[in-house]
Each structure stands twice: as structure tokens, then as C-alpha cells.
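Protein chains in written order, with the working numbering: chain A, 1 to 142; chain B, 1 to 142; chain C, 1 to 108; chain D, 1 to 108.
A few of these clues could be false.
Here are the simulated DSSO-like cross-link-like pairs (lysine-lysine), alpha carbons at most 30 Å apart as the crow flies [to be verified]:
#1 A:LYS116 - D:LYS41
#2 C:LYS67 - B:LYS116
#3 B:LYS115 - C:LYS41
#4 D:LYS41 - D:LYS66
#5 A:LYS129 - A:LYS116
#6 A:LYS129 - D:LYS31
#7 D:LYS67 - A:LYS116
#8 B:LYS105 - C:LYS41
#9 A:LYS115 - A:LYS129
A short list of chain B residues far from chain A (calculated; beta carbon distances all over 12 Å) [what the hints assert, rightly or not]:
#10 GLU15
#11 ARG18
#12 GLU21
#13 PRO29
#14 THR49
#15 TYR56
#16 ALA84
#17 ASP88
#18 GLU124
#19 THR133
If you're looking for bench data, these hints aren't it; they were derived computationally from the structure. We put the CB at the ideal spot given by N, CA and C, even for glycine.
Read off the chains here:
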Amino acid sequence: MSSSTLLTLANDLAEIPRLAEAVEAFCEPHEPTMKDLMAIQLALEELITNVINYGYPDGLPHTFTVDLSSPAPGCIRAVITDDAIAYDPLARPEVDTTLPLEERKIGGLGVHLVKKLMDVSHYERRDGKNILTIERRLNRAD
Amino acid sequence: MSSSTLLTLANDLAEIPRLAEAVEAFCEPHEPTMKDLMAIQLALEELITNVINYGYPDGLPHTFTVDLSSPAPGCIRAVITDDAIAYDPLARPEVDTTLPLEERKIGGLGVHLVKKLMDVSHYERRDGKNILTIERRLNRAD
Amino acid sequence: MDITESQLNSATVLALSGRLDGLAAPALEQKVDALLATGVKNVVLDCSGLAYVSSAGLRAFLTSAKKLKAAGGKASFAALTPAVHEVFELSGFLTVLTVHPTTAAAAQ
Amino acid sequence: MDITESQLNSATVLALSGRLDGLAAPALEQKVDALLATGVKNVVLDCSGLAYVSSAGLRAFLTSAKKLKAAGGKASFAALTPAVHEVFELSGFLTVLTVHPTTAAAAQ
Ligand SMILES: Nc1ncnc2c1ncn2[C@@H]1O[C@H](COP(=O)(O)OP(=O)(O)O)[C@@H](O)[C@H]1O
Ligand SMILES: Nc1ncnc2c1ncn2[C@@H]1O[C@H](COP(=O)(O)OP(=O)(O)O)[C@@H](O)[C@H]1O
């Protein structure tokens, strides 16, 4: 038996801790480390925060989905599907993480962390939807 | 945030206890009673046992799905979708549960229990698939 | 599911614990067949630890009761949890099977 | 997230516990602004109980450190868990922020 969980979220930052709890519940049978859990929760927080903050400029209530699955043993996949405005966050230029304190920009770190913490990150625009897929191998050496 | 769980099962009776565990994990946040849990697990066992035993006469490995969701607060829905041979278990004649021991038939009780324990049970054949929907209001008086 | 056998008065008590589902039911039927083969006729099924029973489990109960009756013996069921009691009730089993509140009462 | 304030040597220690996510980050920025308003300049952030930090939390850390430095003070970070340490490292924060293994060392 394999299992996947489909979460339907509102465009409201209060969903962040709820999503984190659902991620923990889904991952638990796969025996993630603390680093694994934090990595997957963080990547999802970064991506959904942008969808919530910038994706729906009409200011009205909207919903989008996060689909959690395990495509292979020891691997967790999350797919964010939204009908917000077309936007590929993975196409943003790399941030320079070597600048001194004074020159560091406030922000832009989120997508950088997603790419570093995930083994796969992939954007697609299909049928009027943004489809973001991220995957992490659990217990990876780093 | 609302959540649904999609389970993919093999046509193998060893899936019964695994499905029961997944049902318990899914229902837990909805605070089911022992009767609620048993009712939903039992209804699913009855229906998937028939799919596994009779639905795939070719004897080859197949998979089908069970989708768990909560369409409303305090209500659990399960949808079994299979591409097995067309069969509506809900159309079977009612069993007579008042006969004495000697005359009781061995079998036929499963679907009877599904109907009694669920608030909704519905069969549909669509796109070459059997789609069985069952629902139970948690904590119902009976 | 676990089946634990013991003796109480003239009855053989089978304490069932865990889940009596379609996977577990054959083990119960085999156990009762084995008892019948050694001449046991009076069997109490202690259900105090039985968390779950499906129609496959009920079928195993009915088959066991019929076989014991045919051999001139009897099956008694004791200490059903509320969830198992409900399934017995909906199946009409409370009228065809002998159900006691406690194992001690069933083994009288 | 909970923020607990205490004094150690000349430093004001803020012990963070729980999750510093995008919902919780504004509370930390407000807390540091309030300390700055009362003239506090030397702040130690005790992260031993911090289970989670996202980029919104890192932004709050960076903003706090910049403000304290601009006021002639400093921010020190202590006792990172391995998961939080990894995020600091990947963000280049181990080189721009002052990180100590223990709160005692950070408050020297
Ligand atoms: N999902 C999205 N939809 C539309 N625009 C976005 C989305 N995510 C990010 N953006 C745009 O990219 C800019 C920078 O994103 P990001 O670096 O994540 O912002 P910040 O770190 O300031 O929150 C945002 O100000 C916004 O204009
Ligand atoms: N999903 C199914 N697909 C095809 N046939 C089925 C299915 N479920 C039940 N049947 C048919 O209905 C008969 C009776 O079903 P049921 O009463 O559940 O059987 P039993 O109680 O003997 O397991 C079966 O013997 C089988 O022929």
C-alpha cells in the first residue's frame, strides 16, 4: 500500500504551521531526521508564502493544493498546484551568500534554501496553473 | 486547511490491516469513537475484500485506490475506485438477520453491515471504473 | 490476532486479542477444528480483548458455533466490547449465538 | 514561538523556543525594537529551544543584528540545533552573524 495526502490551503499565512504539522504527520512513517523534516517544512513554507503574498493580487480568498507523496522508499515529494498568476520562483537569479552583513539584502533567501535543501525542484506552467514539484531523499549526507 | 489521503492498494488481502492503520491515522484528528473507527474500517474491509477476491479473475497483480476525506466537520468519506469487473455490491438483496442458527447462511453479511454502519453508501460505474462512496457521521447516536 | 487457550470449569476458554479480520479469521477456524478433533465440545470465546471483528470474523464465529453444536457441544461468547457488541447486534448474532457479559458466567 | 527574556552579565538574553516561521517572525522583530527603544544594545539570542527557522526568521535575525550594530551594540546567537545550524550555514549566516556554542560564551 502506498499513500499520498492532498492538502487544500487558503491564501492565508496562518496555514504555515498547519501545513508543517501535516508534513510531520505524513513523513513520520518514513522515519525522517530532524533535518529532513525541517528541510521539507521550510521549502514548503518559502514557496507557499510567496504564492499567498504575491500570487493573488485581487485580495480575495483563494485555495491551492499541496500533494504529499513518497515516489520511492526514503523519498518525499511535494507538489504545489495553484491557479495564481504565472510565476516561476526557481528562475530567480542566485543570491550571493558571501556578502558582509552591511551588504546582505533583506530577503531573497527562501528560494536559495529550497534549491539547497531539496534534491529536485521543478516548475511547470500547465492548464493555467503553476505546478511546483520538490523532492528530498531522507537521511541524505550533507 | 483541509486534507485528504489517497491510498493505492494491491489486490492482496494483506492490505486489510494496513488500510485499517491508515484509516486510524487519517481519522485521528477528527476524534472518532471506537465504534466510528471500527465501522469505517469494517465497511472498507468488506468492500475491498470483495474487489480483491472477485474483481480481478485474471489472477494478475492489480492496484486500486481508496481516497479518504472529510467533506464536512465530523464526517468521514471513503471512495474506492477500481478498474475491476463491473459490480454493484449495494444492489444485492437484503440478508435476513432473524433466521435461527441452523438456517443462517455463511456469508452475505458484509454488505449488510456496510449499509447499517454508514450514513451514505453509493455505487457508480464511470469511465470503466467501479466507484463506491461511503460516508459516516462521527459520534452518531445508535 | 492472538488466541490464548485456558481451562475454566468444564469449558475450554479461547481468549481473542487484537483484530479478527479477513486475514486472521482462518486461524480461529483452524483452532476450533483442532479442539473438535481432540474431543473438546464446550468452548468459551473470551472477546474482552477483541478490538475489531469484520464479517469474515463473524463467519468464523458462526461456523465454529455450528460445528460445536453439530458435535453435541456448544460455543459461548463473553465480554464483548461495545464496538464488537454493535456488530453482533446489527448482524442478528445476539439472538443466534449465546452471549454472556463475563467469561466466568459463560463457563458456568 | 515563545520568547523569554533574562539578564546574563551585561547581555540581555532572549531564549527562543518553538518555531520561528513567517507567522512568528514579526514578534521577534518587535521584541528587539522594544529593547532598542529602552537602550539595550547587547543581545544574545539563545536558540537551544528553536526547533525551526525559515527565511522569514532569518530575515528577522538579520534585521535585528543590523539594527543593534547600527545602534553601536551587537547581537550574538547561541546554541543552534543541528537543523537550525544547517540553515544558517546554507544561508552564509555563519560568516555574517556571531555564533557561539553556548549562551554563557555568547554573554562573555
Ligand atoms: N508566487 C509568486 N507569484 C508572483 N510573484 C512572486 C511570487 N513569488 C515571488 N514573487 C515576486 O518575487 C519577489 C521576490 O520574492 P522573494 O525573494 O521570495 O521575496 P521576499 O524574500 O522579499 O519575500 C516578490 O517581491 C514578488 O514580486
Ligand atoms: N467486487 C466484486 N466483483 C465481482 N463480484 C463480486 C464482488 N463482490 C461480490 N461479488 C460476487 O457476489 C458474491 C457474494 O458476495 P459476498 O456476499 O460478499 O460474498 P461472501 O460473503 O461469500 O464473501 C460473490 O461470491 C461474488 O460472486
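Legend entry - Numbered hints the structure breaks, given as an ascending list: 1, 3, 6, 10, 11, 12 and 13
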